[in-house]
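Protein chains: 2
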Amino acid sequence: MKRVGKNSILFDNVYVLETATSTGPREKKGPIGEYIDKDYENLNCLEKSWEKAECRLQKDVIEISLKKASLEEKDLDLIVSGDLNNQIVVSSFTAKDYDIPHIGIYGACTTSILSLIVGSNYIDTKTFNNVLCLTSSHYATSEKQFRFPTEYGGQKPDTTTTTVTGSGATIITNQKTTIKITKATIGKVIDAEYKDAQDLGKAMAPSAAVTLKQHLSDFNLPASYYDLILTGDLSLGGSKVFIDILKEWDIIIPNYNDCGLMIYDLNNQEVFSGGSGCGCAGVVVNSYIMALLRKKILKKVLVITTGALMNPISTAQKESIPGIAHAVAFEVVE
Amino acid sequence: MKRVGKNSILFDNVYVLETATSTGPREKKGPIGEYIDKDYENLNCLEKSWEKAECRLQKDVIEISLKKASLEEKDLDLIVSGDLNNQIVVSSFTAKDYDIPHIGIYGACTTSILSLIVGSNYIDTKTFNNVLCLTSSHYATSEKQFRFPTEYGGQKPDTTTTTVTGSGATIITNQKTTIKITKATIGKVIDAEYKDAQDLGKAMAPSAAVTLKQHLSDFNLPASYYDLILTGDLSLGGSKVFIDILKEWDIIIPNYNDCGLMIYDLNNQEVFSGGSGCGCAGVVVNSYIMALLRKKILKKVLVITTGALMNPISTAQKESIPGIAHAVAFEVVE
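Protein sequence lines, in the order shown, are assigned to chains Y and E.
Per my numbering, the very first residue in the first sequence carries number -6; after that it's consecutive.
Per my numbering, the very first residue in the second sequence carries number -6; after that it's consecutive.
Everything labelled a hint here was simulated from the structure, so no lab data went into it.
Just to be clear, a hint being listed does not mean it is correct.
Quick list of the computed label-pair ranges, beta carbon to beta carbon [to be verified]:
id	chain 1	residue 1	chain 2	residue 2	range
1	E	L285	Y	Q168	43 to 49 Å
2	Y	L214	E	Y145	54 to 60 Å
3	Y	Q168	E	K119	21 to 27 Å
4	E	P150	Y	L39	33 to 39 Å
5	Y	N260	E	E144	47 to 53 Å
6	E	E56	Y	E327	58 to 64 Å
7	Y	G146	E	Y145	27 to 33 Å
8	Y	L39	E	E144	48 to 54 Å
9	Y	D243	E	K288	52 to 58 Å
10	E	E327	Y	D92	36 to 42 Å
Here are the simulated SDA-like pairs of lysine to any residue, each with C-alpha atoms no more than 25 Å apart in a straight line [what the hints assert, rightly or not]:
id	chain 1	residue 1	chain 2	residue 2
11	E	K60	E	V326
12	Y	K311	E	K137
13	Y	K188	E	K137
14	E	K(-1)	Y	D5
15	Y	K(-5)	Y	E324
16	Y	K89	E	K60
17	E	K21	E	V(-3)
Every value quoted in this text rests on a predicted model; they were computed, and no experiment measured them.
For every residue, glycine included, the Cβ atom is placed at its ideal position computed from N, Cα and C.
Pulled out of the complex, with its shape left as it was, chain Y reads as follows (with noise of 0.2 Å):
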């Protein structure tokens, strides 16, 4: 690994190895849902509580990822996980089930990016050989803890998204597959002084903005080298507002798209301004977009994960809600 630019490393030895993802029944009906591994019928996945569903979708796909990968747990190295709940304990509680090392993270919507990005040096230096990068998020959970509980059914804005009921993992690798993981660039917090919690998508558009340019800066590469530039969570209206800051800066990107406006049907589904959470781009970048890599459909992806930096309690002290985004590039290699 070297470093490139300002903020971004070169990755000489890092490869996906195998993905799984275990999500809930929205996600499943949605337009990508014949690539998701596991899902459940309703939102309990068969357990007593929202976090021990969260966690059953997490224990899923390491299951189900390790399987693809016929690989047993001794096998793996460390895992490096986060999630949505204070004090990410559904990652926690997950990995207590497990005989591995386990290094915790918190970059709110960033998390499968940064897991990435932080798994990637063990990787890259062969320091180990097979490392689980793990995410999630769960409807009900998110609900509770930064709105209200779902029993209350709380009227929304349609700028609010739906938090993703899912989990997705990636086990990255230093022996050579077909899909690379070629470059990184690692975000700055940055604060448009944006307070509305009910349209994060906004708030963090700024974010992803200034890790893609400082991307393509570091690699000094055009936009279009990229077949796809994938957001995570921006929804509908971040994702104009990141359109729209890139037209300011002269950066017209071709092929974008957004996990968030991926993983629903907006039109039939009842999920207001697109998905998010961790499991938002944690399922569409370890079901679909794989998929697309493994067919050599998409050949160069860049995804730029995004984080909303608040809690209730600095919502309810009127803080504003910086943003945070992470990028990695995935690279088909023959």
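Position chain E relative to chain Y; hints supplied.
Same frame as chain Y, but now just chain E:
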């Protein structure tokens, strides 16, 4: 960097450039007060909310460590930080005021050492030159969030620990200094089925013992290799359990202490079972321990920070409190 044994890493090029600490009044009045760089007369730290006060402590140590190292903000390539607040808002809100890439971590009270483990990857590989590893805790933000607002005056059992109000920063670099970070052991989440949230030291003790045993086994070292083995915040009860577990495993540690027992005078300060919180090890290690290493009074120190993995919801749901412990060795080099 290379793997040693099962869960450990040997670093080649990671050195402590400078450290800094900032605290509230109780820590300054404690036995190691003279080693603390900056302190405040009350918990407000001249700010209008407890969260802003904790941010101020973090900003203090960034500024002081930069000044000690004769560096400017632009010389820092990365900040790795975390805290105990929900969604680590204090670390994020601090980072928004710096034009520096940020990796957020969550490891409960392991954070100071976890930040060094994550940050060291970038230093050892010479990807980055200077990384700032940072953590903090604050008595009033923690009491409000994990127990009750301090204004309630709730009574506590003697097993309770007192959350340290303080922040510690370590700037690590790949240019040789007298203090080298030589070894690290990444912990696993250990669930000893312990459930008393008013006695977290005991909940974390098994994880500290497991990590120490793994460390000594991975490097094939006797405990006496270290001048001092220091746990994070096991407090009175947890330290005793830690020693008892090690005795059962025939591991005798001749030079042992716990940051939670060092930061306060337990006989004369009303701190119940000792100090705790991310800031506990963050302050003790980055002030007193670094001073002893610089003076070569200590030459080989293993710090094992410990985290209790829970939140008030998991406690209300009658979940157990798993622990995790991460270790880093500091050694004086000529």
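Verification of the supplied hints:
1. Separation of L285 (chain E) from Q168 (chain Y) is about 44 Å and conforms to the stated range, judged on CB atoms against 43 to 49 Å.
2. Take L214 (chain Y) and Y145 (chain E): their Cβ atoms lie about 56 Å apart, and the range 54 to 60 Å holds.
3. Restraint check, Q168 (chain Y) to K119 (chain E): a C-beta distance of roughly 24 Å satisfies the suggested window 21 to 27 Å.
4. Between P150 (chain E) and L39 (chain Y) the CB atoms are about 37 Å apart, so this pair conforms to the stated range of 33 to 39 Å.
5. The hinted range of 47 to 53 Å is satisfied by N260 (chain Y) and E144 (chain E), whose Cβ atoms lie roughly 50 Å apart.
6. Taking the beta carbon of each, E56 (chain E) and E327 (chain Y) are about 50 Å apart, not inside 58 to 64 Å as hinted.
7. The supplied range of 27 to 33 Å is met by G146 (chain Y) and Y145 (chain E), whose beta-carbon atoms lie about 32 Å from each other.
8. At about 42 Å, the beta-carbon gap between L39 (chain Y) and E144 (chain E) misses the expected band of 48 to 54 Å.
9. One distance hint, 52 to 58 Å for the beta-carbon pair D243 (chain Y) and K288 (chain E), holds here, with the actual separation near 56 Å.
10. Take E327 (chain E) and D92 (chain Y): their Cβ atoms lie about 39 Å apart, and the range 36 to 42 Å holds.
11. Between K60 (chain E) and V326 (chain E) the CA atoms are separated by roughly 24 Å; this keeps the pair inside 25 Å, and the hint holds.
12. Under the criterion of a C-alpha separation no larger than 25 Å, the hint pairing K311 (chain Y) with K137 (chain E) is consistent with the structure, at around 18 Å.
13. Between K188 (chain Y) and K137 (chain E), the direct Cα distance comes to roughly 23 Å. Compliance with the 25 Å bound is thereby established for this hinted pair.
14. For a cut-off of 25 Å, the pair hint linking K(-1) (chain E) to D5 (chain Y) stands: about 24 Å separates their Cα positions.
15. Between K(-5) (chain Y) and E324 (chain Y) the alpha-carbon distance is near 18 Å, which keeps this suggested pair within the 25 Å criterion.
16. Restraint check for K89 (chain Y) and K60 (chain E): the C-alpha separation of about 41 Å exceeds 25 Å, so the hint is violated.
17. Among the hinted pairs, K21 (chain E) with V(-3) (chain E) is inconsistent with the structure: their alpha-carbon atoms are about 39 Å apart, more than 25 Å.
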